[in-house]
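One line per chain: the protein sequences are A and B, in this order.
Counting in our numbering, the first sequence runs from 61 upward without gaps.
Counting in our numbering, the second sequence runs from 114 upward without gaps.
Hints are supplied without guarantee of correctness; some may be wrong.
[To be verified] In silico lysine-lysine, DSSO-like type, Cα no more than 30 Å apart, as pairs:
id, chain 1, residue 1, chain 2, residue 2
1, B, Lys127, B, Lys262
2, A, Lys293, B, Lys356
3, B, Lys356, A, Lys175
4, A, Lys293, B, Lys265
5, A, Lys282, B, Lys373
6, A, Lys415, A, Lys338
7, B, Lys262, B, Lys249
8, B, Lys373, A, Lys252
9, A, Lys293, A, Lys282
10, A, Lys338, B, Lys373
11, A, Lys233, B, Lys227
12, A, Lys337, B, Lys284
13, A, Lys293, B, Lys284
[Claimed, not checked] Residues from chain B that face chain A, not an exhaustive set, calculated with beta carbons under 8 Å:
id, residue
14, Arg269
15, Thr406
16, Val482
17, Leu502
18, His506
Bear in mind the hints are in silico, worked out from the structure with no lab data behind them.
C-beta atoms are modelled at their ideal positions from N, C-alpha and C, and glycine is treated no differently.
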Amino acid sequence: MFGYYLQLGLRSLRRNPVLTTLMVVGIGLGIAASMTTLTVLHLMGSDPIPWKSDKLHYVQIDNWDVNNPFSDDGRPPDQVTYRDAVALMEAGKADKQTAMFKLALPIQPENPEVKPFQALGRVTYADFFAMFEPPFAYGGGWDRKQDAEHARVVVLTRESNEKLFGGQNSVGKTLRMNGVDYSIVGVLADWKLRSKYYDLTNGAFSDADEFFMPFTTAIDLKQRASGNNNCFKSPGDGWDAYLESDCIWIQMWVQLDSPARLAEYHAFLDNYVAEQKKLGRFPRPLNNRLLDVNQWMRDQRVVSRDVQVQTGLAFAFLIVCLVNTIGLLLAKFTRKAGEVGLRRALGASRNDVFKQFLIESGVVGMTGGLLGLLLTGLGLLAVRALYAEYKNVAHLDWSMISITIVLAIASALLAGLYPTWRACRVQPAAQLKV
Amino acid sequence: MEIRPILSALMRSKVSMILIGLQVALTLAIVCNALFIIGQRLERMDRPSGMNESDTFWFGSNGFGQGYDANAVQLSDLALLRQMPGIAAATSTNSVPMSNGGWSTGINLQPKQKTSTAQTTLYIVDAQGLDAYGVKLVAGRNFKPEEIKTVKFGDRLQPAAIIVTKALADKLYPDGDALGKQVYMDEEPPTSTIIGIVERTQVPWVDAEFIDYSTFVPAYMPYGNSTRYLVRAEAGRRDEVMKEVEQKMSQSNTSRIIGKMRTIASVRSDAYAGDRAMAIILGTVIVALLAITALGIVGMASFWVAQRTRQIGTRRALGATRFDILRYFQTENFIITTLGLLVGGVLAYALSLWLMQNYQSPRLPWYYVPIGFVCLWVLGQLAVLGPALRASHVPPAVATRNV
Chain A
61 MFGYYLQLGL RSLRRNPVLT TLMVVGIGLG IAASMTTLTV LHLMGSDPIP
111 WKSDKLHYVQ IDNWDVNNPF SDDGRPPDQV TYRDAVALME AGKADKQTAM
161 FKLALPIQPE NPEVKPFQAL GRVTYADFFA MFEPPFAYGG GWDRKQDAEH
211 ARVVVLTRES NEKLFGGQNS VGKTLRMNGV DYSIVGVLAD WKLRSKYYDL
261 TNGAFSDADE FFMPFTTAID LKQRASGNNN CFKSPGDGWD AYLESDCIWI
311 QMWVQLDSPA RLAEYHAFLD NYVAEQKKLG RFPRPLNNRL LDVNQWMRDQ
361 RVVSRDVQVQ TGLAFAFLIV CLVNTIGLLL AKFTRKAGEV GLRRALGASR
411 NDVFKQFLIE SGVVGMTGGL LGLLLTGLGL LAVRALYAEY KNVAHLDWSM
461 ISITIVLAIA SALLAGLYPT WRACRVQPAA QLKV
Chain B
114 MEIRPILSAL MRSKVSMILI GLQVALTLAI VCNALFIIGQ RLERMDRPSG
164 MNESDTFWFG SNGFGQGYDA NAVQLSDLAL LRQMPGIAAA TSTNSVPMSN
214 GGWSTGINLQ PKQKTSTAQT TLYIVDAQGL DAYGVKLVAG RNFKPEEIKT
264 VKFGDRLQPA AIIVTKALAD KLYPDGDALG KQVYMDEEPP TSTIIGIVER
314 TQVPWVDAEF IDYSTFVPAY MPYGNSTRYL VRAEAGRRDE VMKEVEQKMS
364 QSNTSRIIGK MRTIASVRSD AYAGDRAMAI ILGTVIVALL AITALGIVGM
414 ASFWVAQRTR QIGTRRALGA TRFDILRYFQ TENFIITTLG LLVGGVLAYA
464 LSLWLMQNYQ SPRLPWYYVP IGFVCLWVLG QLAVLGPALR ASHVPPAVAT
514 RNV
């Protein structure tokens with residue numbers, strides 16, 4: 061009987077095009093609004109590295125001014141100082157660890173057809189590649205020995221390799237940056253990051269890094285980082301004073317492979333701060349944190365308030381669309397009282413009538429869902445146009461598509477429950493009178 | 114006009130009435146709050162930065178290679194810019210309003226203060242700085258060329274003279290006598306003297322609490338091998354001048370990269386892109402919501418007209434005029450809408466309260482809900498007009514027909 065009811069449903073939709081259009085458009089719009097915002101919300105906040113997001117921890121220690129907290133709500137500073145980063149790296153107490161910062165360097169291509177350009181890169185330690193697992197197309201990262209040697213090596217991203225070497229395997233070639241030659245040891249494959257979760261201090265959706273080079277090598281350049289730099293008192297004159305100062309400009313991540321290791325590292329950090337206090341630094345009370353990837357993303361509000369408000373609004377809009385659909389379905393089914401009466405008089409049970417009309421609601425939902433899917437695609441296009449930085453976030457994937465269809469059918473069924481129940485209560489005798 | 118027959122007719126189709134009422138209620142609540150948010154965003158986007166935004170553009174120069182003398186390049190670049198036709202003023206600088214990047218620091222009235230008296234941003238310019246930004250001096254004087262110090266990057270600035278915005282001057286010296294006073298940009302001496310006050314200049318961060326507290330500092334200080342320049346072109350000539358400048362600057366020195374030529378207008382556009390997007394998205398939802406609700410009213414009213422054709426015919430046969438029928442349906446819609454709006458008003462304030470608690474937004478001003486009432490009444494009446502007119506055209510003869 062299911063196939064028959066399906067046919068009946070479709071035929072009935074065709075019989076009253078105006079009403080059908082109103083219902084389908086209503087559901088379609090409501091679904092599209094909800095799914096567009098839900099997709100953005102879901103992707104923005106989704107775990108960027110789910111197989112190890114609970115193992116990567118962002119190091120925060122409070123070296124800040126005794127007179128003014130870094131943040132009014134008691135959160136510790138969002139970056140660390142050079143001397144602390146180096147001290148923690150040298151102690152080596154985590155399973156893997158890296159300090160990093162953003163650096164701008166002019167690239168002077170060998171190829172005379174490509175003009176020199178300013179590139180924004182990431183300065184890290186060797187463990188970065190094992191920790192954040194960017195995919196490699198050619199070669200690999202460098203190792204800890206090269207860190208210690210201040211090796212002049214560099215890893216290119218797919219885009220910069222495309223620009224400089226036409227996408228070919230450039231491992232082993234030299235790259236001149238700011239008058240110094242570096243050897244290319246690796247080229248990344250396409251690394252479609254939804255957000256730069258490893259550097260939230262400088263903008264979750266800012267431009268992708270264009271190259272990677274060793275921390276120790278970059279410090280030799282005596283060039284200030286291009287990211288956020290925050291000092292609570294003047295660092296004094298010159299580069300060495302800057303490195304010794306309490307200015308924070310470095311992001312530090314550690315990988316701790318088990319809860320036991322996490323506890324150990326916490327204890328180590330507390331101990332480290334206690335030692336620094338003896339040297340007269342870290343005047344504020346102990347305030348260390350080791351948030352994991354998802355906690356850090358929430359802490360730094362990667363999913364902006366605007367996106368949350370938009371999602372809530374879209375679902376409220378869906379509810380209005382559904383209320384609208386209930387009314388229209390009620391109107392539609394009430395008009396079919398004669399047909400219901402006839403069926404019941406011929407022996408159909410209330411249950412059969414219920415199934416018939418529920419399936420009809422489902423058909424409306426399915427049609428609305430398909431329209432909604434189309435409109436969601438358009439909606440996401442609009443989001444990408446409005447928010448240039450969301451280009452990796454506003455895309456439909458299979459899970460979202462299936463959720464769209466399921467949501468459409470489920471809401472239509474929900475909306476159809478009351479009208480269907482009303483339709484079943486029709487007394488056959490009253491309808492058969494002339 | 115007898116209301117009781119209308120009410121009793123409504124009571125018989127309670128569910129449909131509730132459905133329409135609920136749509137109206139939700140629409141009012143959402144539309145009022147959404148309009149308020151749009152209004153707030155538009156207000157935010159409207160704030161003047163204080164600088165000339167129509168004729169200005171800025172760009173960066175990044176040098177490379179050993180032996181690159183950034184200070185010398187800065188001076189020769191400025192000389193080159195200042196003799197180009199079409200340029201009204203040019204300065205080296207580290208930042209501009211709304212660009213989301215720059216230098217912020219505290220200003221103190223006493224040495225070794227624990228908490229700064231005020232937070233400010235530093236715009237590091239030379240004698241043509243105020244002219245290039247296009248900000249108006251309201252007290253004191255501009256920097257003299259001999260006051261512009263050359264500072265090695267990484268050293269402390271310690272300017273002897275500074276120019277602040279009026280808002281900052283008033284914050285530091287509420288009695289209004291900031292001119293000539295000495296402030297501490299650092300924990301220790303030397304102090305900086307306020308030699309001039311400009312009307313208004315925003316800081317680079319549009320969300321900063323200290324958004325109107327800016328300080329101009331006279332110095333030549335490149336950021337390593339990089340420096341930025343702000344140029345104000347003569348009125349109407351910005352785009353052609355921009356192209357020429359890019360060309361001339363790239364050619365004049367091949368040991369550096371000229372990049373990111375951006376007009377200040379596009380800086381503003383980027384800074385407020387999020388607010389603009391929010392306003393557009395909310396606006397679209399408002400329009401869609403009103404459309405759905407109106408269509409719902411049309412649909413439901415048409416249905417009722419079809420259901421009650423017999424009654425209408427009977428009434429007409431008994432002497433009711435077309436206008437009476439029309440008035441009947443309009444009044445019925447008015448009652449439903451009003452009930453919905455009353456519930457909606459409560460929902461609107463509840464939603465506003467929730468937004469206040471969870472998103473620190475301000476309270477919904479009182480006049481939004483009454484205006485919403487009026488708009489939705491009008492919308493409802495217009496929506497029901499079509500079906501109501503159709504109802505009024507039902508001929509009295511329908512009452513006498515048997516089928």
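Going through the hints against the structure:
no. : hint                  : result
1   : B:Lys127 <-> B:Lys262 : 81 Å, violated
2   : A:Lys293 <-> B:Lys356 : 41 Å, violated
3   : B:Lys356 <-> A:Lys175 : 18 Å, holds
4   : A:Lys293 <-> B:Lys265 : 19 Å, holds
5   : A:Lys282 <-> B:Lys373 : 24 Å, holds
6   : A:Lys415 <-> A:Lys338 : 77 Å, violated
7   : B:Lys262 <-> B:Lys249 : 23 Å, holds
8   : B:Lys373 <-> A:Lys252 : 25 Å, holds
9   : A:Lys293 <-> A:Lys282 : 21 Å, holds
10  : A:Lys338 <-> B:Lys373 : 47 Å, violated
11  : A:Lys233 <-> B:Lys227 : 54 Å, violated
12  : A:Lys337 <-> B:Lys284 : 36 Å, violated
13  : A:Lys293 <-> B:Lys284 : 22 Å, holds
14  : Arg269                : 6 Å, holds
15  : Thr406                : 7 Å, holds
16  : Val482                : 17 Å, violated
17  : Leu502                : 17 Å, violated
18  : His506                : 19 Å, violated
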